[in-house]
Amino acid sequence: MAAICFDGVSKIYGDGTCAVDALDLEIEQGEFMVFVGPSGCGKTTALRMVAGLEEISGGTITIGDRQVNDVSPKDRDIAMVFQNYALYPHMTVAQNLAFGLKLRNIDKAELDRRVNDAAAALDLADYLHRKPKALSGGQRQRVALGRAIVREPAAFLMDEPLSNLDAALRAQTRAEILKLQKRLGTTTIYVTHDQVEAMTMGDRIAVMRKGLLQQIGTPEQLYTRPANTFVASFIGSPAMNIVPAAAVGLGPGSLLAGFRPEHVEVGLIESGCFGFDAIVEVVEYLGGERLAHLRLGERSLVAKLPVDERLESGTTMSFVVPHGAVAFFDAETGLATG
Amino acid sequence: MSAIRVRRRREHPKRVTEVPTGGLVLASDWRRPSVKWGLGTTQALLLVVLVIIGLGPILWLVKAAITPTQDTLIQPMSVFPHGTDLSNISNAWTQVDIGLYLKNTIVLALGSWASQLIVSTTGAYALSVLRPKWGSLIMVLLLTTLFVPPVVLLVPLYLEIVHPPIFGGTLENNYFAIWLPAGASAFNVVLMKRFFDNLPREIFEAARIDGCGPVRLFVSIVLPMSKPILGVVSLFAVLASWKDFLWPLLVLSNPSEQPISVRLPTIQSETDLGVFLAAMLIACIVPIVGFLIFQRTILRGTGLGGALKG
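Quick mapping for you: the protein sequence lines, in order, are chains P and V. Residue numbers 1 to 338, in our numbering, belong to the letters of the first sequence in order. Residue numbers 1 to 310, in our numbering, belong to the letters of the second sequence in order.
To be clear, the hints were calculated from the coordinates, so they are not data collected in a lab. Heads up, some of the hints might be wrong.
Restricting the straight-line Cα-Cα distance to at most 30 Å, the calculated cross-link-like pairs of lysine-lysine (DSSO-like) are [to be verified]: (1) LYS133/P with LYS103/V; (2) LYS243/V with LYS227/V; (3) LYS133/P with LYS102/P; (4) LYS103/V with LYS243/V; (5) LYS131/P with LYS108/P; (6) LYS227/V with LYS108/P; (7) LYS182/P with LYS108/P; (8) LYS131/P with LYS243/V; (9) LYS74/P with LYS131/P; (10) LYS74/P with LYS103/V; (11) LYS103/V with LYS227/V; (12) LYS74/P with LYS227/V; (13) LYS102/P with LYS131/P; (14) LYS74/P with LYS133/P; (15) LYS102/P with LYS227/V; (16) LYS103/V with LYS63/V; (17) LYS179/P with LYS74/P; (18) LYS102/P with LYS179/P.
Chain P on its own, in the form it takes in the complex:
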């Protein structure tokens, strides 16, 4: 395992498109770092630059003590798990797992041990002689993970490895990846566009947008103290409510006020809170809670309320939010203030 460092890393394509813009980032040894952001934000490009699959236009990438800008992918001591599995279709599961080890001339006994250990850890022991076409989607993704872990590399790079699995299998595999990473202690960069995946898996999360790093921090830091309105609205589901501070009587027009849906309560203003009247548009019943979609003037807000809170669609009601739960952003730059 090794630390990974991005120092002013940029990727500019031939047509002038800047996919990653001066990325500065340090990933500690053994850390599980998640790159998250919408499509086209540069997260996969950044990962592929670590893998050596994309040329670096500017800056340096260091794995451990070694700068790897001009090192070929096979010599970077990394293993990658692809979104679409990328298994070798003409090889059995055992051959897929062993292929990278054979190329590194690992001796037969050690190779067999690593393959069998990985197969046991990933519940693939019964499928070692099958070819990928005879496996389910979940099993194929486990083979792809196995191919990475048998190599015992300095770092794992994972490019949306769960995006092709159904919801139940995704949750299960997510837990398996986390357990595996904690057990092996290997530095991991995990790319996803799913903020739930990012929040549940990452030791730290790097939020990206249009090639620029927006914020880096623990899931809690990102959720409670977003650096700007983009992070505030991207992290958390439903997204943070962001309204002009003046619209809820909290400050001047140059500020935006942001508050999470779970901090909205039904009730009248009391000390330590601010309040507003809004029209209840739609109420969604989610079993353990209700999501109320509200209209405040021309703005839509969401409130996450207890399930016993009875709301009638079309009625105007009073809501309150504790002052401590409000974050303020500059209306022009979108950056958090204070």
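Given the coordinates of chain P, work out where chain V should sit on it, guided by the hints.
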């Protein structure tokens, strides 16, 4: 007081057997008697016609090769009117020396096949996977050669073979005179490149990270994933070499080195019809048996099952 209800046994609709229709005709239409009988009869007739056209000449050749020559001349369509004559086959083998020409043909075909596969796979690999800087220009140049009719190249190619540049000497009456020009097939490179273009890049990237260099990637990943196109190119290469007449006639003037296709016209003038037809049968039988053995490789799909999320 409780009412007693008698539950009626629910009647299930009659089960209908699924009819494979090939997609153009709906299963419900297929069940209509007019469609069923009309289409069924048409299909059967088409099958009979295709069998007569495709298999008829081969079956006739098999019959004529083991029929006395007089019977073939007088009653060509009769089936063994005066019994069989297997001596035609043995005469073709011993008197006409068809075994030697068959061996020559096989050696020429194998050499042409190897030469075409080596050039087309490595050329396509370079253009499709390694992608050199001037790859697109090379591709355009390759494509332009497809517009030159082969007969136009006959004389310059012959001069090259008689007096090869750089190496000197001559390649006349040398099998390399067949093998080398056979390899220079732009069509095969283009065909192979199109196939390689459609192989998933992520698998190549995974292999590179696993530790593959360009040669290992070619041998261990690209070639095993390309069995279908290798089968197709092999089929084209072997058939083209097997039936080639003009070029071997030009560059192989020594009869003991000529393939069967070049020798057959001479054999026809030197021997009787029964032996000639037996020689033709022997010439045909090798590619037919070869196709029957390798047809699954040649005709099956791309074989990428499970490599990627479908």
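Each hint tested on the structure:
1. LYS133/P with LYS103/V: violated (41 Å)
2. LYS243/V with LYS227/V: holds (24 Å)
3. LYS133/P with LYS102/P: Holds, at about 23 Å.
4. LYS103/V with LYS243/V: With Cα atoms ~14 Å apart, LYS103/V and LYS243/V stay inside 30 Å; holds.
5. LYS131/P with LYS108/P: With Cα atoms ~21 Å apart, LYS131/P and LYS108/P stay inside 30 Å; holds.
6. LYS227/V with LYS108/P: Distance of about 29 Å is within 30 Å: holds.
7. LYS182/P with LYS108/P: Roughly 28 Å separates the two Cα atoms, so the pair holds.
8. LYS131/P with LYS243/V: violated (40 Å)
9. LYS74/P with LYS131/P: holds (24 Å)
10. LYS74/P with LYS103/V: violated (47 Å)
11. LYS103/V with LYS227/V: The hint holds at about 27 Å.
12. LYS74/P with LYS227/V: holds (26 Å)
13. LYS102/P with LYS131/P: Satisfied, since the Cα-Cα distance of roughly 18 Å is no more than 30 Å.
14. LYS74/P with LYS133/P: holds (27 Å)
15. LYS102/P with LYS227/V: At roughly 23 Å apart (the allowed maximum being 30 Å), LYS227/V and LYS102/P satisfy the hint.
16. LYS103/V with LYS63/V: At roughly 24 Å apart (the allowed maximum being 30 Å), LYS63/V and LYS103/V satisfy the hint.
17. LYS179/P with LYS74/P: holds (26 Å)
18. LYS102/P with LYS179/P: Holds - the C-alpha atoms of LYS179/P and LYS102/P are around 27 Å apart, at most 30 Å.
When each numbered hint is compared with the structure, violations occur for hints 1, 8 and 10.
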